[in-house]
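Enquirer: What follows is the residue order along each chain.
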Amino acid sequence: MQFWGYKRKEGRAGIRNHVLILPTCVCGSESARITASQVRGAVNIVFNTGCSDVQANTDMSQKVLTGFACNPNVYGVVIIGLGCETVGHKPLREKIQAMTSKPVVSFGIQEEGGTLRTIEKAVRAAREIASDAGRQQKELCDISELLLGIECGGSDATSGIASNPAVGELSDLLVDMGASTMMSESIEWIGGEHVLAKRAATPEIHNQIIEVCRNYEEHLKAAGQDCRAGQPTPGNKAGGLSTLDEKSLGCIRKGGTRPIVEVLEQAARPTKRGAVVMDTAGFDISSITSMVAGGCNAVIFTTGRGTPTGNAIVPVLKVTANARTYKAMEDNMDVDLSAIITGEKTYKEMGRELVDVIHDVCNGRLTKAEAYGFSDIAVDHVCRFV
Amino acid sequence: MKINALMIDETDNVVTCVDEVSAGSEVFYRKGNDILSVTAIDDIPYCHKVALKDFAEGEDVIKYGESLGKTNCAVKKGGWLWDKNMHSVPRDYDSELIDVTGGK
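Line by line, the protein sequences are chains R and C.
Taking our numbering, I'd label the letters of the first sequence as residues 1 to 386.
Taking our numbering, I'd label the letters of the second sequence as residues 1 to 104.
Hints listed in this document are in silico derivations from the structure and should not be mistaken for laboratory results.
Backbone N, C-alpha and C define an ideal beta-carbon position, used for all residues, glycine too.
Mixed in with the good hints there might be a few duds.
Dumping the calculated DSSO-like pairs for lysine-lysine here, alpha-carbon to alpha-carbon at most 27 Å [unchecked claim]:
1. C:84 to R:237
2. C:70 to R:221
3. R:198 to C:31
4. R:345 to R:368
5. R:327 to R:368
6. R:237 to C:53
Derived list of chain C stretches under chain R, where covered just means 3 residues or more per stretch with a C-beta under 8 Å from a C-beta of chain R [what the hints assert, rightly or not]:
7. 2-13
8. 44-50
9. 62-74
10. 81-93
Using the sequences provided together with the hints, build the complete structure.
Expert: See the structure below:
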């Protein structure tokens, strides 16, 4: 299978060709938003950190910022910094330039003499990059260039029974064609980690999956917290998911059945092709943020209760097997999988249908969240701001 | 008779209702080629679980062929299993690790 995408000098092909306006920290976020609003083809993110952080948090922020810049859906980058943040625009730009040959420019608000002067320069720079991006022709790319992030959120009992198995089937079919898929949300492996670990390609990966879960629980315990107190969420419980174990056993089905070839730290880039997993929060927005930083060029999102979320850099395709949710939130849902619940279709049939939908999205079909321009982001934090 | 609940694995001791079920009415589900039923003794909300047997306190609730946790109290056959009458049990991670030099 092939799709029409944007070839990059390094790494995978893009399925979009955005100019990313990237703030280094909170204080650059508003200028980035205004800059992006002035240039067609530009997208921005609102960054809630980048300052007054301990080293571990700074490391996480930097992985997200550099990962976003290097994402294959990004043609070029305009960085807007302040001047006194933990990692300023120049070192961030140099870091990104060492990772990619795509165009990257940067400005600092304190150096330029305030937001208006910075925005003026940033808009001009973004306009030039967007103009060049517009000339890049789409080329036929093999489906192996696809790295699909797999997410679930606002889950109810239909998620584990129907939409997650259908997406698991989609994942298996894509992996068999040579594409890669990434499942995250390690807190939602707990209770099902022994089942997930059976998919490990090696004994080492088996144990990594178990240890990721143990470490997550230990991390929360060290802060006096209990993962079972926050999971399942009140919405999950109302939707019939009574324990973290029940949620997890349903969640892990979205990753399919193919061997897991790599366990990634949060926001890291895979080094192997095939089915990979990433250690992230169960908080959907944060999990998607980390998968996009890890290089996913599209995300499929199963939901039971319904969610509007979207990402600035990658299309997020929303699917649900809850017929009531599809009907009530059709403006947010892309695909109705409720035929699995009614028994009209099997999850395998619907998984095969999803291959065509993902193929369409790769070729440029906008998802609903994408058409609305949604750009949620949440960077995971190790501890309090300082 | 209309199927109004789903069994995921044949070893499960609960089924998930895919319609609201009121107390006293029948819950129909498929197990292999058979259609079986249980009479609900509680109102069961959409997407929620109904017990297929009498549970004592501290018994495993099985769905997907795996334990979801244990009951907090006795729950009669046909009763509603939800977050107020069952709880998650801490994992024993050490027992799940395998020998990386080969074999379990």
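Enquirer: Please go over all the hints and tell whether each is borne out by the structure.
Expert: The hints, checked one at a time:
1. Taking the CA atoms of residue 84 (chain C) and residue 237 (chain R), the gap is about 10 Å. The hint holds against a cut of 27 Å.
2. Restraint check: the Cα-Cα separation between residue 70 (chain C) and residue 221 (chain R) comes to about 22 Å, which is no more than 27 Å; the hinted pair holds.
3. Taking the CA atoms of residue 198 (chain R) and residue 31 (chain C), the gap is near 26 Å; set against the 27 Å cutoff, the hint holds.
4. Taking the CA atoms of residue 345 (chain R) and residue 368 (chain R), the gap is about 24 Å. The hint holds against a cut of 27 Å.
5. Taken as a hint, the residue 327 (chain R) and residue 368 (chain R) pair is honoured in the structure, with Cα atoms around 15 Å apart against an allowance of 27 Å.
6. At roughly 22 Å between alpha-carbon atoms, residue 237 (chain R) and residue 53 (chain C) fall within 27 Å of each other, so this suggested pair holds.
7. Three residues within the 8 Å Cβ limit are the bar, and the segment 2-13 of chain C against chain R gives 3, so the coverage statement holds.
8. Coverage of the segment 44-50 of chain C by chain R holds in this model, with 5 residues showing a Cβ closer than 8 Å to a Cβ of that chain against a need of three.
9. Under the rule that three or more residues need a Cβ within less than 8 Å of chain R, the assignment of the segment 62-74 of chain C holds, with 6 such residues.
10. Figure legend: the segment 81-93 of chain C, annotated as covered by chain R; annotation consistent (9 residues with Cβ-Cβ distances under 8 Å, at least 3 required).
Of the numbered hints stated above, none is contradicted by the structure.
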